[in-house]
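Residue numbers (the UniProt record's numbering), protein chains in the order written: chain F, 1 to 490; chain P, 1 to 490.
These are computed hints drawn from the structure, not numbers from a lab.
Accuracy of the hints is not assured; some may be wrong.
If chains are identical, the list can't say which one is meant, so a pair holds when it fits in one copy or spans any two.
Once the Cα atoms are required to be at most 30 angstroms apart in a straight line, the calculated BS3-like pairs of lysine-lysine come out as [claimed, not checked]:
1. K222 <-> K416
2. K329 <-> K12
3. K300 <-> K416
4. K369 <-> K10
5. K308 <-> K107
6. K219 <-> K412
7. K326 <-> K402
2 protein chains.
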Amino acid sequence: MRLKNQQHSKWKPIIKQFEAVLGKNGVVQRKEELITYECDGLTSYRQRPAVVVLPRTTEQVAEVVKICDRNLIPFIARGSGTGLSGGALPIEDCVLIVTAMMRQILKIDLENQQVVVQPGVINNWVTQTVSGAGFYYAPDPSSQIICSIGGNVAENSGGVHCLKYGVTTNHVLGLKLVLPDGTVTEVGGQVPEMPGYDLTGVFVGSEGTLGIATEITLKILKTAESICVLLADFTSVEAAGAAVSDIISAGIIPAGMEMMDNLSINAVEDVVATGCYPRDAEAILLVEIDGLAVEVAANKQRIADICKQNGARSITTANDPETRLKLWKGRKAAFAAAGHLSPDYYVQDGVIPRTQLPFVLQEIENLSKQYGYRIANVFHAGDGNLHPLILYNNSIPGALEKVEELGGEILKLCVKVGGSISGEHGIGADKRCYMPDMFTETDLETMQYIRQAFNPQGLANPGKIFPTPRTCGEAARSEAAKKFESLERF
Amino acid sequence: MRLKNQQHSKWKPIIKQFEAVLGKNGVVQRKEELITYECDGLTSYRQRPAVVVLPRTTEQVAEVVKICDRNLIPFIARGSGTGLSGGALPIEDCVLIVTAMMRQILKIDLENQQVVVQPGVINNWVTQTVSGAGFYYAPDPSSQIICSIGGNVAENSGGVHCLKYGVTTNHVLGLKLVLPDGTVTEVGGQVPEMPGYDLTGVFVGSEGTLGIATEITLKILKTAESICVLLADFTSVEAAGAAVSDIISAGIIPAGMEMMDNLSINAVEDVVATGCYPRDAEAILLVEIDGLAVEVAANKQRIADICKQNGARSITTANDPETRLKLWKGRKAAFAAAGHLSPDYYVQDGVIPRTQLPFVLQEIENLSKQYGYRIANVFHAGDGNLHPLILYNNSIPGALEKVEELGGEILKLCVKVGGSISGEHGIGADKRCYMPDMFTETDLETMQYIRQAFNPQGLANPGKIFPTPRTCGEAARSEAAKKFESLERF
């Protein structure tokens, strides 16, 4: 009881200030309501925030951040909470700024092919809003029916259609930002290239450590005249990998090119029963081709030929939206299906140079055997972005630790072959310890320059991305926490 | 004589240190040799540097920068000196670090479609090196046979082929950097998306204010199966502009789409006599289409139809390399040809949303009449990147000032319609006074965060990009200059 009262007394004046800005409905502080916000999509780590706020406007976000800044309270932004690297994982005594009430599409400018949205807008809504006029928003994470554009910006999200069109950073033209001291600023603009430093580029993928985006200008693309999905099935993963290499080497850039292995194929067939994925295939390739009808027809033929040359047993193609959706259905459900294979699964996200695919897949199989955990492979093959799903049972003591170690080995393997420890899920809380495997101390310190410049008090999403409280940003955070405690606890 | 000796005594110990790193041949200090380095492509401003150094390796650049840092001497990097915004304009008492000796192609990795080059490598060499294997480097500034990749990185250069494939920043995967204190660091890597802040993106276009790139990893593209250039001529600039809009609205993204007006057409026909550009046309469009043969054929037809619907008098197309080159020849020579129309010309570089083309071109014509200077328009129509060439005679007193004022009015017009004051030439020394027209004080201060973080002493290319010595970076520079003077002048 004493502890509870202490907690209460410490936050009371702060909550009063939040309520003055947001109203009572805009502040969540009851323990049972706070449980929802204990973790994001990385469910293996949990921490209840002290308080959750639900702003609706840029001004409200700025006021909330100013209160945090004045009182040295760390704050963490959260979109839909679907992130897989724990980027929105709370820390003790933090304020969670949730953008779920910021769901307005503010401007639709079809002539200049752009829309302006609030950060809470769901990814899929953008395409839904403009598809009638023949446009779409390209980045499409598997979670696109629930994840928010703000979260996509924070994590620089990808998706199956990012091979040809690029990840989120390639589709953000400008941002209205609330900086960690509550200042409102704008970066980028309506035209793609702007003078001065590319702050839009720095902010996208900064995982909430540089401030909060409150208005986002997105580029939308014209829907292609023709779209075709091609499914090829192979009797070995290596053959499928070789087909991927040959397609790219032939100068073809499909809209997307995905691979799934036998374990994933059977998992999705068990769960969503597409009926299209041969259960005995060692690997399938799903290739989406878009463009003019003549171009799609020609590329379809070329891709089919390359797949056959690499030993594909069968080729299925789909031209109409319904059949295309059916072919994609299994891939989109792959993560969810993994949940049916095993009580728990851990998704890893690494990138390798495409040419290393066969070697790395073999090594992953070796690691799987060595550690004794099954690994299902689902990935963006075209850009070498792997998503090994490690299947385990969290109720077995020590399993999570072993699985994390195995995940770490996979990441180190990616780095060893010249790749990266994250393709589209971000570093967050989950992978910061692997940053030194990829970057030298100098490289990391150079990144910290940016963090310190934007976030000198270290209050914006502390403890994310960077491995250790190496420099003053993080040190300041501990100072901030100490000061806050001493201020409120007497 | 006294002054000269003072100058000499001040620099003597510094030059000795440079010579110890670079040898006597690596240091230029004779007045008559320094004249070459007084300006870059923006010839209306000149300032002789105190000394020029010619490093060959990353280590030598780092040593030179360390000497500058220890002695508080400002330094400015220079590539081929073709920049049009004065980004490599020296200041008094500075060291100019010229990359002309850093011209090695360090690595060619065709499998992963990338090359690693030193900054002095000429833009065109990259394509020449890989074209035999069926690849090319996309960004192609008009100066591509002489400009350096390092300069392209500094200014985030564009070119006629950047409509479809993007400007320099879209083609740089990674950088080895010498930071302003002489630390060597690496940003980006071999795969396109890397975790942490996008420092590669921040560095590209930072105009030498954050350090010096000494190794650059570039993405190369597969040469398209088929390329076609289409020339359409129009009896009004508005009709050509409407055709541009309609082509993009139809969902076609040509590799490049350029427009030239009557004055430019006649200038290039006078000088290079292509014989292909109708002298009585009010505007011509040059459209390059690439892709599969069937795709190019289909798009050629669609573009020709759209041009005709917008009143094009004639359509010429070229499929073979020789004829394509002939059609491009005039466009590539446009800036040089302007020099034959008038003793001097001033190239402006602004961006507008494409939909504003007809309005802005009309307004530029009005400004031309109002100020009494002829303006030739040559531009990347597809991405709304204007290059008005203002023709004048610099020997008439006050002419340059009027022309700069007129150029400024054009930039303000670009900003008014939602555009930008630079598309591909950078801000440099020339346009920093227009930054407040485009950005608020907060926006500029946010950019300065980055500069101060990387460049706290303010020694790397001081006085560029930002309008005033607003914050401590620049203030530090004045301090540095003062200290340096007081140190050496007693």
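Consistency of the hints with the structure:
no. : hint          : in the structure
1   : K222 <-> K416 : between (39 angstroms within a copy, 27 angstroms between copies)
2   : K329 <-> K12  : neither (49 angstroms within a copy, 73 angstroms between copies)
3   : K300 <-> K416 : neither (35 angstroms within a copy, 46 angstroms between copies)
4   : K369 <-> K10  : neither (51 angstroms within a copy, 69 angstroms between copies)
5   : K308 <-> K107 : neither (47 angstroms within a copy, 33 angstroms between copies)
6   : K219 <-> K412 : between (35 angstroms within a copy, 24 angstroms between copies)
7   : K326 <-> K402 : neither (36 angstroms within a copy, 65 angstroms between copies)
When each numbered hint is compared with the structure, violations occur for hints 2, 3, 4, 5 and 7.
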